[in-house]
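Undergrad: Residue-level listing of the chains:
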Amino acid sequence: MQIQMATKIKRAYRGKFVFIALTASLVFFNIPIVGIRASGTANLTIQIFYAQITQEINTTQSSSETLTNPNNSSLGINLPADVLTSGDAVELTAHSTPEGAVTTDKPLPSGKVGADIFYNISFQKVSDSSAVSSFDKAVTLTFSYEDSDITGINESTLKAYRWNGSVWSALSDSSVDTSLNKVTATTQQFSNFSILGDPSPVCGNGAVESGEQCDTGGSNGSCPATCSTSCTTNSCASGGGGGGGGYVAPVTSAIFNGRAYPKSTVTLLKDAQIVATTIADTNANFSLNISGLTGDNYIFSVYSEDNKGIRSSLLTFPISITSGATIQISGIFLAPTIAVDKSEVKRGDNIAIFGQTAPQVNIVVSVNSEDEFFGKTISDKDGIYLYNFDSSFVDYGTHYTKSKASIGNQTVSNFSNVIGFKVGTKNILTQLPTKTPAKGDLNNDKRVNFVDFSITAYWYKRPSPPASADLNGDGKVDLIDFSIMAFYWTG
Amino acid sequence: MFYIFKMKNSQLQFKKYLLPTLAIVAFFLIVAPAFAAETFFGTKTQEIKVNQSFEVGVFINTDNEEINAIEGKIIFPQDLLEIKKINDGNSIINFWIEKPKSASEGQIAFSGIVPGGYNDSKGLIFSITFLTKKGGGGAIEFSGVKTLRNDGKGTEVPLTISNFQFLISNPPAGIPVPQITTPKTEDRNPSEAFTPQIAANPTIFNGKWFLVFATQDKGSGIDYYQVCEGKRKCIAAESPYLLQNQDLDEEIVVKAVDKNGNERVATIPPQKPRAWYKNYAIVAILIIAAFAYIIWKILWKKRRK
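Quick mapping for you: the protein sequence lines, in order, are chains A and B.
Mapping of the first sequence onto my numbering: position 175 corresponds to residue 175, and the numbering continues sequentially without gaps.
Mapping of the second sequence onto my numbering: position 67 corresponds to residue 67, and the numbering continues sequentially without gaps.
Chain A on its own, in the form it takes in the complex (with noise of 0.2 Å):
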């Protein structure tokens, strides 16, 4: 089922530019990804929580855990002594998402309403990592819930159920506790759990239906009764209305993971702005995280300097996130860096190719000549790569070269910037690149962003604008430009 999901997703997003939900997301979580592509080949694990946990648990003795989402609900898991009769001692993981994250390929049944969060519980074995698929003693699960968490659904008619690797199922002992607003349930297997009831009555249809006192047009009171506006009561009286609470927006955040190069400031772009840098350790490890964002849709995008100021390409996706809920973005592995010891290099000379990445990590050089060319090195322990390329095996003029980075088979980087040199009749060493974007910065901040932007579009359609802003340099500042300098943005 994962492998067939994960086929389907590749299909999905066929081309060079993938975005593939990694078969890990799927195992653990079983949540389908869609709508995200990161530019490239990138390979992205992405993961929407509003809450989770992982804690080890003594299987010998009765334990109890709760997982606590954002808006105050929960689900209590509850495990009576010698669950495990191996007296194995397991290790609980389980987190909240919502409903979407897993009706998608885990369609309800018909007729069936979902709260707007679901669960996912696993267990694994401390002592060698295997999963455990059931237990021999039934666990008890709690599910409290808000009011706003089952609009549209039937209080009285909720349930738990358990997707069984096909279906959801009702847990048999379910019940339902609607003055405490609480679910409980026993289960011995372990995988996605919610809880699903009947659709709500509709107020306005004119039938009193289960669960309505009354309906418009229906009213039942002798006096003659006023139907309330959610047909709950029938009342004589004209009672007044209760104050109404503050709005508070949930908590809604981001968590983006990944690698870049040892020791460099990594910078995160919301929308095109800065929002948030970093250091990347020793290892070129990363993580950022931001909050304070709401339920809707944004363009990320990553980029990194080396050891000597050279910036990678922007690394974009577009993510759509869950009000409320936590999104991980893991897996993010940013090109490498490119340069080259020479502008242009005598027909047979080497030429260096050079620049940084992760340590020990495979790189793939290209060079983009009537025939393409591939070389292969290894990076150094502080992410440095260097290959020298044989210019006898390409012809007279000008060549283009960049390169990408790969961990294994899976982790693979998208190719860095293209840069190119000639192959002529002499050797000419070239400057390193400078922090200097090569356009766009029309402020010399040694930046690209919106005050570059906005005295661009000062002159757009102008007449004779100046150089600075004519990037393409055809006496007009239109469209082109703009796509010259967002190519080149660094926030």
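Mixed in with the good hints there might be a few duds.
Residues on chain A that point at chain B, a partial pick, calculated with CB under 10 Å [what the hints assert, rightly or not]:
| hint | residue |
| --- | --- |
| 1 | LEU293 |
| 2 | ILE299 |
| 3 | ASN417 |
| 4 | ILE455 |
| 5 | TYR458 |
| 6 | LEU471 |
| 7 | ASP478 |
| 8 | PHE482 |
| 9 | SER483 |
From the derived model, a few chain B residues whose C-beta atoms are all more than 12 Å from chain A [to be verified]:
| hint | residue |
| --- | --- |
| 10 | ILE48 |
| 11 | GLU55 |
| 12 | ILE75 |
| 13 | LYS101 |
| 14 | ALA139 |
| 15 | ILE161 |
| 16 | GLN246 |
| 17 | GLU251 |
| 18 | LYS259 |
| 19 | THR267 |
| 20 | GLN271 |
Among chain B residues calculated to face chain A with C-beta under 10 Å, some are [said to hold, decoys possible]:
| hint | residue |
| --- | --- |
| 21 | ILE92 |
| 22 | GLY123 |
| 23 | LEU148 |
| 24 | GLY152 |
| 25 | PHE194 |
None of these hints come from the bench; they were simulated from the model.
C-beta: ideal position from N, C-alpha, C; glycine also.
Position chain B relative to chain A; hints supplied.
TA: Okay, now just chain B, sitting in the frame of chain A:
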């Protein structure tokens, strides 16, 4: 340690695969358009009736191309449709060069960029809410749409356009036309937090200080910005905005107001200390002191007499 290899098809392989390749190419040329980015419209409205509001989204499918700039126009029949609202909330466009607006009768012009590039199958550019005026058939069409690659050169991406054909149905004779309005969506969130910047550049405003600002509103879209300099009256403004106070010694407040009236406020403190003569308290004290001195002088002269 290093090795190199060369990718080149042999002539034999070329001939071997020539016919099947040509056949496949011919098949796709006949049955499907060439791979290209596509701009298209989308609506959830199944049936369009007279005097009804309906929303049409303007989308792009980049078809695995990474694009970073787009411009164009939307043309619609004025006799059938009237624009009620243009919403750029949740757009993939980060910065508008020309915010989508009614350029002339029956046209909406737009252009903007996505720094770093965008590649996906259904990117919302903006949406338009139309009100139908009378029954009849028509089309909402793209005109002059251009999409550029994120390649540092601004090369144009091949583009196919899919226009939106519609039919507005008349109500049966004798039945009054119901006034249907689009349900008002709840948007309590202000725009994204933003940081306006003060800048100067010899190429614009004669090198004078100006203010740049931009933010996004994911719900209803930005309606307008207001700039308040010191105690001056707040005025509606667009970025870049030439500052009235070139001394930069007053606080500047920029308000981003979305189409539901939610406000996001950003404040820039004074960049320079205020000149003493601009401080009204000091001036007032000096005037009072001078006035007191004059009175004292007069009284002192009277006493001497």
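Undergrad: Each hint should be assessed against the structure and marked as holding or not.
TA: Verification of the supplied hints:
Checking LEU293/A against chain B: minimum C-beta separation of about 9 Å stays under 10 Å; hint holds. The criterion of a C-beta within 10 Å of any C-beta in chain B is met by ILE299/A, whose closest approach is roughly 7 Å, and the hint holds. Using the Cβ-Cβ criterion of 10 Å, the hint placing ASN417/A at the interface with chain B is satisfied: the shortest such distance is roughly 8 Å. The restraint placing ILE455/A at the interface with chain B holds, with a minimum CB-CB distance near 5 Å, inside the 10 Å limit.
Because the smallest distance between the Cβ of TYR458/A and any Cβ of chain B comes to about 5 Å, under 10 Å, the interface hint for this residue holds. With its C-beta approaching chain B no nearer than about 8 Å, LEU471/A sits inside the 10 Å limit, and its interface hint holds. The criterion of a C-beta within 10 Å of any C-beta in chain B is met by ASP478/A, whose closest approach is roughly 9 Å, and the hint holds. Proximity of PHE482/A to chain B holds as hinted, the smallest CB-CB distance being about 5 Å (cut-off 10 Å).
At its closest, the beta carbon of SER483/A sits 4 Å from a beta carbon of chain B; the interface hint therefore holds under the 10 Å criterion. Look at ILE48/B: its CB is around 25 Å from the nearest CB on chain A, clear of 12 Å, so calling it non-interface holds up. Interface exclusion of GLU55/B from chain A stands, the closest Cβ pair being 17 Å apart, more than 12 Å. The claim that ILE75/B lies off the interface holds: its Cβ sits roughly 19 Å from the closest Cβ of chain A, which is beyond the 12 Å cut-off.
Distance to chain A confirms LYS101/B as a non-interface residue, since its nearest Cβ pair spans about 15 Å, more than 12 Å. Every beta carbon of chain A lies more than 12 Å from that of ALA139/B, the smallest distance being close to 25 Å; the non-interface claim holds. The claim that ILE161/B lies off the interface holds: its Cβ sits roughly 17 Å from the closest Cβ of chain A, which is beyond the 12 Å cut-off. The beta carbon of GLN246/B is kept farther than 12 Å from every beta carbon of chain A, the shortest such distance being approximately 17 Å.
Distance to chain A confirms GLU251/B as a non-interface residue, since its nearest Cβ pair spans about 20 Å, more than 12 Å. No Cβ of chain A comes within 12 Å of the Cβ of LYS259/B; the nearest lies about 15 Å off, and the non-interface call holds. No Cβ of chain A approaches the Cβ of THR267/B within 12 Å, the least distance being about 18 Å, so the stated non-interface status holds. The beta carbon of GLN271/B sits about 15 Å from the closest Cβ of chain A, which is more than 12 Å, so the claim that it is off the interface holds.
Satisfaction of the interface hint for ILE92/B is found here, the shortest Cβ-Cβ separation to chain A being roughly 7 Å, below the 10 Å cut-off. Evaluation of the GLY123/B hint against chain A yields a held restraint, the C-beta minimum of about 7 Å falling below 10 Å. Look at LEU148/B: its Cβ gets to within about 4 Å of chain A, closer than 10 Å, so that hint holds up. The interface hint given for GLY152/B holds, since its Cβ lies 4 Å from the closest Cβ of chain A, which is under the 10 Å cut-off.
Annotation: PHE194/B was flagged as interfacial toward chain A, and the flag holds, the nearest CB pair being 8 Å apart, inside 10 Å.
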